[in-house]
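Engineer: Now that you have both chains on their own, put them together as the hints suggest.
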Amino acid sequence: MQRVLLSAASGGLFGAGLLVSGMTDTTKVQGWLDVFGAWDPTLAFVLGGAILPMLVAWQIANRRAAPALGGTFPSRPDPRLGHNLVLGSVLFGAGWGLVGLCPGPAIASISWGGTGGIVFLIAMVAGMVAAPPIRARVDRLAAA
Amino acid sequence: MSFIQPDWIWGLVGGLMIGSAAALFLLFNGRIMGASGIIGGLVDRSGLHDWAERGAFLAGLVVVPALMLPLYSVEVSTNITSNLAVVIAGGLLVGIGTRLANGCTSGHGVCGISRFSLRGIVATVFYLLAGGLSVVLFRHLLGVI
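Which chain is which? The protein sequence lines are E and U, in order. Going by my numbering, the first sequence opens with residue 1, and the numbers climb by one from there. Going by my numbering, the second sequence opens with residue 1, and the numbers climb by one from there.
Bound-form chain U, shown alone (with noise of 0.2 Å):
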């Protein structure tokens, strides 16, 4: 779609959209609305209580954008690496990272920052610096990616 608008505008139109997603789940169920949450209280079990909220949450995070799919007449190109040793590398580190700071993008950044925590804010100073970084080593140093 971004054939139309640059991309800076679909994003300020998708970030609101998430925003509002994690607006919701505070206002009417009383949640963070944190990913790594959401699905690490299901892995570790800690979250079983309320697991069919988290599965509904989860389940509409697959359901909807597979359903507007069709709606896009291009492909969704992701450009994942094909190199799978990296993608399973990355994988790892954000599964134990996000538990370990019990938070990621959307906890910490969307729900933290906005609520002036500072854990939210530190943790999202950290991750970006990491982040930049990572991609500095690996793609300028290393040219793995």
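Chain E with its partners taken away, still in its complex shape (with noise of 0.2 Å):
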């Protein structure tokens, strides 16, 4: 029980960032994207605020031997890079560009967002879903 009222303050409060920084303007996004028209720096700062808190989190997780309720630390990553990653990356970039959503404020967007965010939330879910597939063929194309 713990745990599940720990996630939902930690969702709470990275809505309430999400919220607080501007991210629910989808311009702000894609004004930080685009380096040749208006650049918009806002986004930086949030990025580089967000890193902050989490290079003190790893240190202490480094020191500590189990999560304060339970479980274990999740493991190093796979160091390798693999193609998925890179193709992946590529296409999460180009639809972040053409609408100015990422995963964490489309889904918060369900409290501002209006109808385009719902569409856009929508959408991204129908992609999660053809997503397993898609990767089974890229493998496939990949190992050929």
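FYI, nobody ran anything at the bench for these hints, they're computed from the structure. C-beta atoms are modelled at their ideal positions from N, C-alpha and C, and glycine is treated no differently. Check before you lean on any hint, since a few could be wrong.
[What the hints assert, rightly or not] Selected chain U positions facing chain E (in silico; Cβ < 8 Å):
{"hint": "1", "residue": "G15"}
{"hint": "2", "residue": "G30"}
{"hint": "3", "residue": "I32"}
{"hint": "4", "residue": "F126"}
Structural biologist: Structure, rendered in structure tokens:
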């Protein structure tokens, strides 16, 4: 039960941070990606500000045997990069630039995004449903 | 709220809140706070064993901003394009891409870079480059957005 409550608190703080940072506005995201247009630096401060507490958190995690509410800390990620990491990130970036929403703000936008946000979220979930067969096909192509 | 302070200060404050949320999730639950992975594990059923934690996280992500909205004197403007074909194409690309790459801005960007993970850094470089190219192509060359 504690883990569930902590999850809700973490999600809530994430959502509050998205609202406060102005990541509700898709033109801010596109403005940051638009280095040839009217460049908007806000997102760099959001990303930089978010990395700071996590730099500390990883240092604490490295010195602890286990998380406070049980379980284990995530193992070191697989150092191999792989074609799926690159291809997936390129596809994600293309969609992110196109609309200005990434998954966190897309979910949170249920509370502020109107119809556009909901349509985006439904399409995103549909893409997630379609992803495993696409991954299998990409893997076959890569192995061939 | 941007009429009091410039946008970047609110960006920094909001960013610190997002990073603190990820730090709580890591230090208490031992989990990476990646939005695409949390919802994606429910969609493809790979994360059903801890569905309650995932569901609670997603509920908090939606409910807390909704409760905060009345504090804002002006309506939050999303400026999402009214072109539904663009919205749907973008959503599909984000859904497929984040599942292939196993992460998005929060997982690879916030949690990966802070751990000096090569995968997180490489993913972030590629989605930023693709995002920049996407805006150049669809805004400046094609004029769709």
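Engineer: Return the numbers of the hints above that this structure violates; sort them in rising order.
Structural biologist: Hints that this structure does not satisfy do not exist here, as all of them hold.
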